[in-house]
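As given, the protein sequences belong to chains A and B, one line each in that order. Under the numbering used here, think of the first position of the first sequence as 197, with each following residue one higher. Under the numbering used here, think of the first position of the second sequence as 460, with each following residue one higher.
Heads up, a few of these hints could be off.
Computed list of lysine-lysine pairs in BS3-like fashion (alpha-carbon distance at most 25 angstroms, straight line) [unchecked claim]:
| id | chain 1 | residue 1 | chain 2 | residue 2 |
| --- | --- | --- | --- | --- |
| 1 | B | K607 | A | K318 |
| 2 | B | K607 | A | K261 |
| 3 | A | K339 | B | K607 |
No wet-lab data here; the hints were simulated from the structure. Remember, predicted model here, so these are calculated numbers, not experimental data.
As a plain string of letters, each chain reads:
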Amino acid sequence: MAMSQTKPATAKGAAPAADIAVSVRNVSKNYDDVQALKDLSLDFPRGELTSLLGPSGCGKTTLLKIIAGLLPQSAGQIEVDGKTVTGPGPDRAFVFQDFALLPWANVLRNVAFGLELRGVAKSEREAIAEKYIREVGLAGFEKSFPHQLSGGMRQRVGLARALSVDAQVLLLDEPFSAVDEQTRRKFQEDLLALVANEQKTFIFVTHSIEEAVYVSDQIAILLPRPSRVSEIIRPSSFRNKGVDNIRRDPEYLDIVDQIWASLRSYVE
Amino acid sequence: MKNRSLILKLLSAAIVFGAWEIAGRVPISYAFPTFLESMSALWAMTIDGSIFLAYAETLKPLVLGVAISAFIGIGLGLWIGLSAKFEWLFSPIFIVMQAAPLAALIPILVMVYGIGIVSKVFVVCIMAMPVIVLNTAGAVRNTPASIKDMARSFMASDRDVLVKIIIPAASPIIFSGLRLGVSAGFIGAILSELKITPTGVGDIISFSRSIADYPSMYAAIFSIILLAVIFLNLLEKLENYLFEGNNRGYVSD
Ligand SMILES: Nc1ncnc2c1ncn2[C@@H]1O[C@H](COP(=O)(O)OP(=O)(O)OP(=O)(O)O)[C@@H](O)[C@H]1O
Ligand SMILES: [Mg+2]
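Produce the entire structure from the sequences given, and follow the hints as far as they go.
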């Protein structure tokens, strides 16, 4: 097999000896009588993008919200930079699947909203927001309101808002699900550039196997409820061959097939 | 665009007044004056100043009652909306209040608070407050969870969530409650002047009816409706001023 490293999740040190930014240890989550996560452990290496891939309803959003400190776990613990998570913190920023923009605020205020909540002065936060608005390609739309933007543009507002607070860890919940295929491909390339330039840790939820393989340094496959990590896949060789060649790379195609083979049983 | 809506408003006013004039000339009832007769009666009351004296009386319980209803109503609504306990405790009271036949309650109010301004303020509040409370509480409870989560993920305090998320998100429905509450308050104010003691505009209405001066009676009724419309328009201006984004439409998904 062309696969470079495929290890069972239970093995110690599934991730390489790299520096770990976020560590999830034996986390369980029960909603009343539904057990969403069961004894889930996973490490997220710093500066890398890790995808969470798994059948619908397996608890990906739940895991992301627990890492964000928005939901309490029932058991286990989360560490970010070695510190136990007890609630939301400045070290993490969330990109929401449904954008979660303020409909009554324009793009500039929406992007600056994270900084506004942190008490950054208006002129300063707007300068920072403008920089990230340009960076996500929305220059000229600062004064527009969310209902005047397309789905893809709204998603970029959410992304710019998360980037502007300069958190070390970015949590992205199916961020590209609301955009068309062309935009999605463009976003995926932008995301790769972002991972390369920003030195941040990305935790990325997606339903698309191709997307996960395309953008990830590490892919965690989750089992259906109660969810645990069944496999961790680290594509290695095609990442530095240039974005244009990834989709033709034999390793890329092999990994996509392999993931489909392991997920298929849950779909049927 | 703006001009067009003004023209439409004027047009609909002209149609209503025209119909009134025709109905008065037919006449559909000897007690129904024409529009022009009513307007000249209104003009006469304006010249001799009696309408201003009447409003000085009527506005007291009205403004007081509406102000109390708005402040307490919104405050209570926020509180009820934010806590499940208070919803259980208070909501039934306001639902009953909204459904209660007010005319039946007035004798009890008069017995307890006399025939002074207190009873009248109460009548205005009973009319205005329930819809304000219930709308506010409902709007607060229906704040989209995802934007609250968003704010918390960026480390908003509870106060930030209330001031920057819940109140702006709820404001369109709070304001529609206020509009309904204010309209009901106007009804309450006139009702209290007709049922408790005839003062102010209520006095003009009942006095001119007793002497069969129907143009004056309709003039007084017309003036109160006019005042209510002006007041509701001001409220809309206030809403647009406080919550700029409310007239920008909403993101549907
Ligand atoms: N607030 C809640 N109360 C009760 N059960 C919940 C709640 N939120 C999620 N669940 C349950 O937990 C499980 C995991 O939900 P979660 O949203 O994390 O799934 P997901 O992997 O993100 O799914 P999808 O890929 O469809 O978005 C689901 O079975 C769901 O029914
Ligand atoms: Mg989800």
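*So which of those numbered hints doesn't the model satisfy?*
No hint contradicted; all consistent.
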